[in-house]
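Work out the full structure: start from the sequences and follow the hints.
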Amino acid sequence: MASAPEPAESDLPSDSPPEDDERTFAAKLAAMARRVDPRITGVSGIGRITAGATLQTFALDLEAPNETIPLILRRSPGGRANASLSLPDEAAVIRAVGEHGLAVPSIWHVLTSEDELGDGFLMQRIDGETLPRRIIRMTETSGNGPELTRQLGRALARVHSLPLEGLPPLPQTEIATQLTRLEEELRKEGAQPRPVFELALKWLRRRIPVPAEPRLLHGDFRIGNVIVGPEGLRAVLDWEIAHIGDPAEDLAWMQVPPWRFGNLEKPVGGIGRPETLYEAYSEETGWPVDPERVRFFRVLGSLRWGVSTAGMVNWLRGHDPSVERAMIARRASENEIDLLRAIAGQE
Amino acid sequence: MQEQPTSPEILETVAAYLRDVAMPQLEGHAAFTARVAANAVDLVRREIELREASDCAEKERLVALLGHDGELEKLNADLAAAIREDRMDIEAPKLLSHLWQTSLEKLAIDQPRYASYRAALEETPEW
Chain A
1 MASAPEPAES DLPSDSPPED DERTFAAKLA AMARRVDPRI TGVSGIGRIT
51 AGATLQTFAL DLEAPNETIP LILRRSPGGR ANASLSLPDE AAVIRAVGEH
101 GLAVPSIWHV LTSEDELGDG FLMQRIDGET LPRRIIRMTE TSGNGPELTR
151 QLGRALARVH SLPLEGLPPL PQTEIATQLT RLEEELRKEG AQPRPVFELA
201 LKWLRRRIPV PAEPRLLHGD FRIGNVIVGP EGLRAVLDWE IAHIGDPAED
251 LAWMQVPPWR FGNLEKPVGG IGRPETLYEA YSEETGWPVD PERVRFFRVL
301 GSLRWGVSTA GMVNWLRGHD PSVERAMIAR RASENEIDLL RAIAGQE
Chain B
348 MQEQPTSPEI LETVAAYLRD VAMPQLEGHA AFTARVAANA VDLVRREIEL
398 REASDCAEKE RLVALLGHDG ELEKLNADLA AAIREDRMDI EAPKLLSHLW
448 QTSLEKLAID QPRYASYRAA LEETPEW
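Chains as they are written, first to last, in this note's numbering: chain A, 1 to 347; chain B, 348 to 474.
Be aware that a few hints might be false.
[What the hints assert, rightly or not] Result set (PhoX-like, lysine-lysine): computed pairs, CA atoms no more than 25 Å apart in a straight line: (1) K202/A / K188/A; (2) K28/A / K406/B; (3) K202/A / K406/B; (4) K441/B / K406/B; (5) K421/B / K441/B; (6) K202/A / K441/B; (7) K421/B / K202/A; (8) K406/B / K188/A; (9) K406/B / K421/B.
No lab work stands behind these hints: they were computed from the structure.
Following this line, the structure appears as structure tokens:
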């Protein structure tokens with residue numbers, strides 16, 4: 001998993017509880033682990049993988065006689081602020097798709113108040129590659145890009161065919177409402193006028209598809225959120241924005257050009273062809289993929305990305321006057337060409 | 348007339364300093380930030396070199412599309428409003444090729460290595 005920079009002190013919400021020192025944190029982890037499994041003798045190798053203000057990810061090993069259990073802890077010390085699922089709901093979704101036969105890390109424990117570690121859960125730590133450019137290089141060397149593409153298709157098919165009963169309540173937003181929200185964001189007082197985004201909005205408004213049967217969507221299904229080994233797909237990660245919607249949305253997202261990592265001619269995550277993905281997907285689901293519907297969601301994905309990038313100029317002028325923020329905010333033009341190419345029918 | 352060296356020449360030395368001198372002496376996030384800073388300096392250099400001509404061409408196209416003159420930002424706001432209020436046909440080739448050209452001109456400054464930009468340079472869409 002890519003490591004993120006430490007957040008500045010000022011990024012932390014002011015109502016966050018004070019952080020435990022390392023020793024207290026380790027002691028609480030050990031106590032929690034023993035409550036779950038009395039065989040556990042200790043916790044070792046605690047290392048922070050990502051450090052957001054609202055979500056932290058740690059790697060750690062539980063020691064048991066004759067066994068080491070490698071785990072990942074995802075936790076939020078003071079609750080989650082954004083639109084993501086709560087961590088217990090995220091764990092429930094991972095459990096459900098795992099029981100449905102999808103390769104995901106198994107959930108080891110969902111934190112309770114007794115654990116005094118905040119909200120969160122522990123899951124199996126799976127070895128393998130997550131960095132997109134390395135995955136792309138691996139498939140280029142081994143020639144198994146088409147096979148990995150088929151595996152991604154079958155994985156999405158599993159997600160989309162999961163019965164919704166038994167899942168926690170998940171967000172579901174009508175397309176028209178999504179477009180209205182983007183419109184409001186785009187037309188905020190003082191925002192730079194953006195004819196390309198306005199055009200994309202109109203284009204989308206005219207093509208809102210007939211609603212599909214609502215399905216569970218991963219929400220951020222792409223290279224970067226999967227673990228891959230030389231033999232292929234090992235697990236699907238990062239379920240925090242799972243929601244209910246049109247399956248074509250998940251099929252489109254990994255084809256949005258930035259997620260091709262420079263490999264434009266392989267629209268599926270820079271590793272494969274859409275036909276390969278759709279064929280494997282349809283074999284499993286039994287329903288066909290409509291490429292025009294996927295294109296609609298590709299345009300919607302680029303527009304959502306573009307509107308959010310364009311809004312970052314306010315972060316720069318507000319609480320984050322950093323060179324990184326300045327340069328990210330300047331990238332909305334990338335989404336503009338992506339939109340125009342998709343509208344022009346370019347792959 | 349300004350003294351020489353020119354601003355782009357000076358900025359080129361700043362980017363080279365950040366990449367070749369500062370970056371190797373920094374670690375972790377600071378080294379990453381130095382790289383981003385060098386890219387930022389390059390962006391500003393490209394803007395100094397290219398912006399006048401591209402703003403001029405963009406304005407000419409906007410005046411032709413809208414049928415009136417004005418400041419560049421105002422013309423863009425007018426075009427955005429015309430699209431929003433259905434006063435401009437979003438399938439009109441003249442509009443689409445203007446937006447295509449404008450996006451390419453922005454990317455020549457913002458991110459000339461972006462894959463979609465490289466591809467778009469070779470494409471002539473049939474609107």
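We went through each hint and held it up to the structure:
1. Note on K202/A and K188/A: the hinted pairing holds, with a Cα-Cα distance of about 17 Å set against a maximum of 25 Å.
2. Between K28/A and K406/B the CA atoms are separated by roughly 64 Å; this puts the pair beyond 25 Å, and the hint is violated.
3. As the CA atoms of K202/A and K406/B are separated by approximately 23 Å, the hinted pair is consistent with the 25 Å bound.
4. Taken as a hint, the K441/B and K406/B pair is honoured in the structure, with Cα atoms around 14 Å apart against an allowance of 25 Å.
5. For the suggested pair K421/B and K441/B, the alpha carbons sit about 19 Å apart, so the restraint of at most 25 Å is met.
6. At most 25 Å may separate the alpha-carbon atoms for a hinted pair to count; K202/A and K441/B meet this at roughly 17 Å.
7. For a cut-off of 25 Å, the pair hint linking K421/B to K202/A stands: about 21 Å separates their Cα positions.
8. Taking the CA atoms of K406/B and K188/A, the gap is about 24 Å. The hint holds against a cut of 25 Å.
9. This hinted pair checks out: K406/B and K421/B have alpha carbons roughly 10 Å apart, not beyond 25 Å.
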